[in-house]
Each structure stands twice: as C-alpha cells, then as structure tokens.
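Participant: In case you want the letters, here they are:
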Amino acid sequence: MTEDRLELLLHALFEEALDEAGRAELNELLLASADARARYRRATALHSALLRKAAHPSYFGAPVEASAEARLVPFRRGRWLAAAAGVALLGSAAAIFMTRPRGPVANVLEAQDVAWTEGSPSPASGRVPVATPLEFTRGFVKLGFPSGASVVLEGPCRFRLDEKEALSVIHGRASIHTPKGAQGFRIDTPGGRFVDLGTEFGLAVGNDGADPVVLTEVFKGEVEIQATPRDSTRLTVGESRALVRESGKPKLLADLDESPVALVNHAHDLPQSNGEEGNLALGKPVFSPGYCTRPHGSVFPPDNLTDGRLNDSGVPGDWSFWLAPDGEDGEFTVDLLALQTVGRIELQNTNNRGIDDRGTAAFELLGSLDNKNFFPLVTAELSRVTAAKGEAYPFQPFSFDPVELRYVKMVVSAHYRNEKRPSNHPCQGGGLNEIRIFSK
Amino acid sequence: MSAEPHNAEERIVGLIARHQPEIHRYILSLLPDRMLADDVVQETNLVLWRKAADYDPSQPFLPWAFTIALYQVKAARRDAGRDRHVFDDSLVEILAAEGREAESHGGDLEKALESCLQELPEKQRQLILARYAPGNSVQALAAERSQTPTALSLTLMRIRKALETCIERKLALP
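Chain order of the listed sequences is X and V.
Each residue of the first sequence is one higher than the one before, starting from 1 at the first, in my numbering.
Each residue of the second sequence is one higher than the one before, starting from 1 at the first, in my numbering.
Since the hints were made in silico from the structure, they are not lab data.
Remember, predicted model here, so these are calculated numbers, not experimental data.
Think of the CB as a built atom: it goes at the ideal place given N, C-alpha and C, for glycine as much as any other residue.
Take the hints with a grain of salt, since some may be wrong.
To give an idea of the chain V side of the interface with chain X (calculated C-beta under 8 Å), a few residues [as the list claims (entries may be wrong)]:
no., residue
1, Asp88
2, Leu109
3, Ala133
4, Val138
5, Ala140
6, Ser153
7, Arg160
8, Leu163
9, Ile167
10, Glu168
All chains should be modelled from the sequences, with the hints used to inform the complete structure.
Facilitator: Encoded structure:
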C-alpha cells in the first residue's frame, strides 16, 4: 500500500507535478522509513541517468579521461565561459560541464499581491523566462540572481531577463541589492545603464510622454550610470539623480521640480499585508476638474487615488498620488460604478515625494447617488505627512452612519505648502495619495 | 591516449569527468528539481576544480566531492526560496548521509540502464527517451500519440518501474 503510494508520489515528483500536500506526504514517508529512502534513491538514480542521457547522449556510458594536453584557463568574471573554454581543451571531458546550454538565470524568490498583465508569463516562483517581456500591474516581485544580487520590483512594472547578472527594467520601480562579490550586476533601462559597484540603490523608470526619465538614489556603496557607452558618472551613498533627455541628449539632473531628486519609500523588502480587503474604491475611476502637470513626467492624474499604490511611490509619468493644479486646493470624485453602502473612508495624504510643498490640510467628503445632488459625509482635517524616509505613510480613518451612494467627492478646502518658500510660490496645492472606501 | 596527469588541476578534471554520474545523482537526490540540480552540479564542478590544490589524492575522491556538493546544495536551497524546497532540512541531512554511504557500493548504473533500455519494447523505449528529451511535455507527447495525458503519465510510471526493477536485477548480478 505504502509502496504504491510512494511510487505515485515519486512519479509526480519526477513529472514536476507534486503539489504542496504531496510534498508533505513524501517528506513524511521518507523521514519514517529507511526502506522508502532506499527506494527513493534507486528511483532518483534512474531519473538522473535518464536526464544525463538526454542532455548528452553521445557521451553516455563512455569512460572519460583527461587528455594529456589538457591545460586550464584561469577563472575570470565570466566563469561559465571560462569553464567551457577550459574544458573544451579536455576533449571528451567537455561534456561534463555542459549538461545544458547556459543562459541567464534569475529566480522569483517572493511575490506579493501580484496582478500579472494578461498575456504575460506569470512565474509565481522559480525561473524567470529568458528574453521574454514580463509585466505586472500591481504588487511586488523579488528576484534572485546566481551571484547573490537581488531585485525587488514594484508594479506596475515591465521587465525582461536578457543577459547574465543583468535585468532590463523598461518601466517601474526597482530596488537593487548586491552583496560582496556580486559587483558588476547591472540594470538596463530605456534611459541608460546602471552598474552596481557593490551596493544598494533604487530606480524609478518612467517617461515624460516622449523620452525616458529615470530617477536613481544610492542607499549604500556606489553606482555607475552609463547614459551612453562613453559617458559614465559615479554616484555614492546619499546621492541621487534624474536621468532625462533634453534636445535628444541625455542629461543628469540633481534637482527635479525645483527640489533634489529623491526616491522616498523604496521597497527594500516586500511589504506585509496591503490592507486592501473590502476596499470598494480600489481600481475605480476618479475624475477631477484638473491636476498638476510639470516637466520630466511629473504628472499626477486622479486615477492614482485608487490604484492601490501608496507612500508617494511610482515613477516619472506614473506616480502613485494625485496633485491639484499649481496653487489650487482641488477636488475629485470617485465613481464606485454601482450603489454601495458606505460607512468609512480612509485617506493617505501626500507630501509630493518628500518635497513637502503639497498635501491636503482640510477637506469635505460628500456622497451622491447621481453625481448631481451631493450630501455631506465628513468635514475634517488631515495631518501633514512627517514619516521618516522609508516609513509607510499613515492612513487616517473617518467613520459615519452608513449610507447608500455611488459617488464620493472630496473637496479640499486648505492645503500644505513648503514653509521655506514664499507664500505665493506657484509649487503648492492640494493633493492625496490614496482613498479607500469601506462599507463599515 | 591517456597519460599521467601533469598537475593537481588535471587530475581533478579527470576525476570530475569520471564521476559526473555519481555527482549528478547525489545532488538530484537532495534537490529534486532538474534545473536547480543542473545549476548546482555546475557550481560543484567549478568549486572542485578551484579547490584542486586542496584535494589529497591518497584519499577517495567521492566523499570529498560530496561534501562540497552538499554545501552547494544548501546554498542553492537558501537562494531558491522556500516554495521550491521539496524536502525539509532534516530529511536533506539524512539523505545526504545515506546517499554518501550508498554510493560507496554502487555498480555501473549507466551500463545497466543501457542494457535495460534495450530490453524494453520499442514503443516504450521511444516514449521514455522522448519524455526526457529537452522541451517535451506529457501533454505534447500525449497529443502526438492520441492519448490522454493521464493515460500517458500512467504508462511512463510503469516504464520507470520496469526499468528500476531491471536495473536492480542487473546490478545484483556478480
């Protein structure tokens, strides 16, 4: 009986069809019995021999010996190449290092709340397909590379694995960590190449509608930016730049929107639960009479309010928060697309990526069944965002007697501005990162 | 054709080449994921090569190679993420120790397999070899043979079982 069960489990294992429960059962059976382990070893030995035979049939069974002329080349950075070259000198021994073609390798180590785009491969774990564009609209994915380098990607994100110890990030936020020995790991973006010199750094890859705009900030160590093959710049810890194009030429800017470039709240690790459960507003359309638009992809449309992205994250051209037009308090309306009972609303304020020149100070929330006649829900104030770098911004909850409604309008009545600037500075106004709407 | 190895590196390359079957099956038994196991075999080969100078030729090669392989397996398990682990840590330790012991009195499995493959009915031999050819899925093979994937999978299980029994018989012969 157990023997048959073991056989089925081993078969599933070799066919790569063993599920979670099967794994647990196999572990239990093997731990409990030395006979089962001996059986497992015999089955694996056969599996191994068949795999090896399939990988290089012509060498199967032939005894291999090193030839007298064998000479080994020293190891360089491209160690697989060196291995292949060295072993090629060994005649029949060549096959041993080449059990299969060596391509770039990256594994999905963790994934959280990921929504893959339709048509994209969706590796929940294991190998990332090579030379294939991958895309997800929401969530976080952590990739690991053989050198020990790891990359946390934050949606929406498009990326591709083309070469060893490198990743092409076409759009999205990436946080890169390379341990000692993995120096040289690089990220290729449409704006340029970022070579890690043993460090931790962040990237936000976006665009201004026509040209790429890439923001980078070095958290530890050093990074080399190659805007063109001949033009490289080194950044050290604490430094940040925006790589933009002006008149077709790449340019590195230290300031963006009249403030130093900064990547606040970069995801060094995957965040915990996202608190979206029961949020009626997630992904719903939002309308506003206007929104802030500035150069280099600094545009902040109202759809950002219900996109599930928080903490002033995002990339140029695709930020996570809404900003009212320059100098205005602003307003917006969320359409829940159907009548809903609503009894609680949570708001996450913005401080415009740490620039601290925008955000909501006071507001009124209104409900409506038809988007014409509105009734009041809440009048209140919102605190200024004072979260330290890397900390999540707080959500402030507002509860009221549950009512039926389809539309929720927020009218900002006072905003925060940068106190160090003159009071008539144009860069100020209302803004908000996220609105969550719940039944109770 | 062969000559005395000139130095430690050459000796090691000869040993690595000769013992690929044992190294592969040892690693695969601890890490039953063919892609990961392939990576670890490669890593192990390179580490063995790099450490050529540390190897004492008066000692048997395999126990030394297995120690290094086990270390590489553990590193790969650390890197690969828990959801790719088939076995718990404690089971890996047991399998590693027993595998090392078992290998010291193993026979020529490759030769036995060749001969057992020849004993299989032609259709079965073709099927099992096709299943192991790179890129072939059970679905594709079933479609080619106008069979359901379940039926084909069951056939594969029977072929494996037949091969295992045959190999066991051949290895038991003096």
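Participant: Would you mind marking each hint as holding or not holding in the structure?
Facilitator: Evaluated hints:
no.	hint	verdict
1	Asp88	holds, 5 Å
2	Leu109	holds, 6 Å
3	Ala133	holds, 5 Å
4	Val138	holds, 7 Å
5	Ala140	violated, 13 Å
6	Ser153	holds, 6 Å
7	Arg160	holds, 6 Å
8	Leu163	holds, 6 Å
9	Ile167	holds, 6 Å
10	Glu168	holds, 7 Å
Figure legend: structure checked against the earlier numbered hints; the only hint not met is number 5.
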